[in-house]
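Note that my numbering has the sequence shown beginning at 1, numbered continuously upward.
Just so you know, the hints here were simulated from the structure itself, not pulled from any lab data.
Heads up, some of the hints might be wrong.
For each label pair, taking beta carbons as the anchor points, the in silico distance ranges come out as [what the hints assert, rightly or not]:
(1) P33 - K2: 37 to 45 Å
(2) L26 - L3: 29 to 37 Å
(3) A30 - K2: 34 to 42 Å
(4) A30 - M1: 34 to 42 Å
(5) V9 - A41: 13 to 21 Å
Everything numeric in this text was worked out from a predicted model, so none of it was measured.
Glycine included, every Cβ here is placed at the ideal spot set by N, Cα and C.
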Amino acid sequence: MKLSAPTTVLFVVSVVVAVLALLPVLGVAAVVPVSSFWLMAIAYAVLAIGCLFKGA
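Working from the sequences, and respecting the hints, build out all of it.
Structure representation (structure tokens):
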């Protein structure tokens, strides 16, 4: 299996989702009604998909 760098769009999407997951933990705001754990897992999955699939 050959890995590739994720595209800029997928990287930015994963960073935005990760920041949304950190906001309730830091006590700033509860933006979405989903657990921070699941939001961070989604951010990691998006980044992993970007690395696994070429051009994704």
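Here's how the hints hold up against the structure:
1. In this structure the hint that P33 and K2 lie 37 to 45 Å apart at CB holds, the actual value being about 39 Å.
2. Under the hint 29 to 37 Å, the C-beta atoms of L26 and L3, about 32 Å apart, fit the expected range.
3. Taking the beta carbon of each, A30 and K2 are about 40 Å apart, inside 34 to 42 Å as hinted.
4. Our hint of 34 to 42 Å for A30 and M1 holds, since their Cβ atoms are close to 38 Å apart.
5. Between V9 and A41 the Cβ separation comes to about 20 Å, which falls inside the hinted range of 13 to 21 Å.
In this structure, none of the earlier numbered hints is contradicted; all agree with it.
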